[in-house]
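Peer 1: Line by line, the protein sequences give chains Z and P. Here the first sequence is numbered in the numbering used here, starting from 400 and rising by one per residue. Here the second sequence is numbered in the numbering used here, starting from 10 and rising by one per residue.
Among these hints, one or two may not hold up.
[To be verified] Label pairs and their in silico Cβ distance ranges: (1) P:Ala-237 / Z:Glu-488: 36 to 46 Å; (2) P:Ala-128 / Z:Ala-513: 43 to 53 Å; (3) Z:Thr-560 / P:Val-112: 38 to 48 Å; (4) P:Glu-38 / Z:Arg-486: 36 to 46 Å; (5) Z:Ser-566 / P:Gly-199: 39 to 49 Å.
Think of the hints as simulated: they come from the structure by calculation, not from any bench. None of these values were measured; they are calculated from a predicted model. Even for Gly, the Cβ is constructed at its ideal location relative to N, Cα and C.
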Amino acid sequence: MEKASDAKLISATKAGDTAAFGLLIQRHQQAALRVAAVTLGSADGADDVAQEAFVKLFNSIHRFLDGERLEPWLFKIVANTARNRLRTEGRQRSLQVRALAHVGVDHPDPDETAVHLADRRALIGAINRLRLEDRLVLTYRWYEDMSESEIATAMDCRPGTVKSRLSRAMDRLRMEMGEK
Amino acid sequence: MRSLEQRFIQTLEAIELPEVSLVEPVLRELTAPTPIASHKPRRRLVVAAAAASFALLAVLAISPMRAAVADWFGIGATEIIVDPTADLPELSAATAELFGGVVVASPLSPLPQLGSPAAVLDTEPAGSRVYLWAASNGRPALSDTGVGVILSVRTISGPLATKRMTAEVGAAPVDFVSSGNAVTGIWIDGDHAFTPGGSTEPLLAGRVLLWTLGTVQYRLEANLDLAAMTELAGQVQGGTNLLPSG
Numbered sequence: 400m401e402k403a404s405d406a407k408l409i410s411a412t413k414a415g416d417t418a419a420f421g422l423l424i425q426r427h428q429q430a431a432l433r434v435a436a437v438t439l440g441s442a443d444g445a446d447d448v449a450q451e452a453f454v455k456l457f458n459s460i461h462r463f464l465d466g467e468r469l470e471p472w473l474f475k476i477v478a479n480t481a482r483n484r485l486r487t488e489g490r491q492r493s494l495q496v497r498a499l500a501h502v503g504v505d506h507p508d509p510d511e512t513a514v515h516l517a518d519r520r521a522l523i524g525a526i527n528r529l530r531l532e533d534r535l536v537l538t539y540r541w542y543e544d545m546s547e548s549e550i551a552t553a554m555d556c557r558p559g560t561v562k563s564r565l566s567r568a569m570d571r572l573r574m575e576m577g578e579k
Numbered sequence: 010m011r012s013l014e015q016r017f018i019q020t021l022e023a024i025e026l027p028e029v030s031l032v033e034p035v036l037r038e039l040t041a042p043t044p045i046a047s048h049k050p051r052r053r054l055v056v057a058a059a060a061a062s063f064a065l066l067a068v069l070a071i072s073p074m075r076a077a078v079a080d081w082f083g084i085g086a087t088e089i090i091v092d093p094t095a096d097l098p099e100l101s102a103a104t105a106e107l108f109g110g111v112v113v114a115s116p117l118s119p120l121p122q123l124g125s126p127a128a129v130l131d132t133e134p135a136g137s138r139v140y141l142w143a144a145s146n147g148r149p150a151l152s153d154t155g156v157g158v159i160l161s162v163r164t165i166s167g168p169l170a171t172k173r174m175t176a177e178v179g180a181a182p183v184d185f186v187s188s189g190n191a192v193t194g195i196w197i198d199g200d201h202a203f204t205p206g207g208s209t210e211p212l213l214a215g216r217v218l219l220w221t222l223g224t225v226q227y228r229l230e231a232n233l234d235l236a237a238m239t240e241l242a243g244q245v246q247g248g249t250n251l252l253p254s255g
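Could you build the full structure based on these sequences and the hints that come with them?
Peer 2: Structure, rendered in structure tokens:
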């Protein structure tokens with residue numbers, strides 16, 4: 400059961416198997432937390448949002464069509480839940496990165512490490528200044544490697560608009576980074 | 010030199026996320042006993058006995074796309090669920106997000122009797138537009154919103170909306186004329202939970218008249234009786250021009 404595909408776990412969940420749903424949560428909770436944090440603009444409250452989103456996912460799993468990927472559906476619920484929270488909070492937020500993160504970075508030269516960390520801080524600052532829709536489309540495309548139709552599902556927009564949304568988001572990020 | 014995309018990915022990897030496991034809290038919430046006074050809508054229960062009382066509504070047109078779903082019932086892009094355990098969401102600032110979305114300028118007066126709308130909003134799902142008229146002597150406010158009449162228009166394709174109500178409120182077929190066309194709509198004569206298409210957040214809705222004309226679905230909400238509602242619906246002008254362009 401632990402190596403079962405998402406499709407099998409979803410089928411089992413539809414039949415009322417909460418253990419199967421627990422495995423789905425385990426598999427996708429990091430991604431849900433990340434989308435929650437990106438939408439909220441900070442990690443504060445991302446766990447509450449993701450928890451609420453998984454409960455909503457369970458309650459609407461009967462609508463899930465066989466063969467569809469779970470992520471676009473899950474991310475849509477996460478982002479909507481986070482948006483609702485933002486509307487009632489209305490306070491300023493900003494994403495933070497780990498100060499000593501070396502994920503994917505191998506720089507024995509301390510100067511080079513410092514440059515990369517400075518770039519990372521600049522980039523997180525630029526991401527924080529982006530509009531929510533821009534943060535999400537870049538996250539879905541670049542980080543989650545979702546297709547245009549999957550992004551359209553997650554963002555509840557027409558598939559034909561995804562390319563232009565992505566292009567504008569990339570332009571705005573470059574401008575924020577002073578790279579254009 | 011790493012591309013912006015690579016740097017973005019690595020930066021997102023480095024975001025400080027809560028170090029928690031969500032499995033136990035989620036499963037605990039799903040298996041917790043349901044509080045009696047809770048306003049959270051329950052998981053959908055299709056009640057066979059109540060469904061039987063809607064046999065007359067079988068004459069309503071069902072989009073072929075939706076007909077593939079075995080137990081779907083409704084009109085256009087709105088599913089009707091009769092659920093005796095249906096609870097109403099609380100009216101709150103979050104509920105007012107029904108009036109959220111993007112304010113747009115529109116020269117149209119879809120309901121000439123009411124004059125120009127006080128606000129026009131493009132909302133979710135994509136391709137939806139909401140026209141709002143303020144409350145007045147002849148148009149009591151919906152709860153404490155200050156809004157008297159809401160006319161929502163959207164295409165019948167796209168994510169399904171849901172209306173969930175008790176059998177006492179119910180949903181009944183009603184024949185009337187809209188824009189010179191004989192239509193059969195659905196009349197919901199009381200408070201119910203409305204979940205817009207693509208959303209998972211139920212909102213509190215009052216009396217609503219639903220109907221479709223061609224590919225457009227109309228939703229008229231107001232604190233008026235059926236006669237007044239069908240009279241208003243009879244005047245709707247604009248058709249697909251009422252939808253967001255593009």
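Peer 1: Would you mind marking each hint as holding or not holding in the structure?
Peer 2: A quick look at each hint next to the structure:
no.: 1; hint: P:Ala-237 / Z:Glu-488: 36 to 46 Å; in the structure: 39 Å, holds
no.: 2; hint: P:Ala-128 / Z:Ala-513: 43 to 53 Å; in the structure: 52 Å, holds
no.: 3; hint: Z:Thr-560 / P:Val-112: 38 to 48 Å; in the structure: 20 Å, violated
no.: 4; hint: P:Glu-38 / Z:Arg-486: 36 to 46 Å; in the structure: 22 Å, violated
no.: 5; hint: Z:Ser-566 / P:Gly-199: 39 to 49 Å; in the structure: 47 Å, holds
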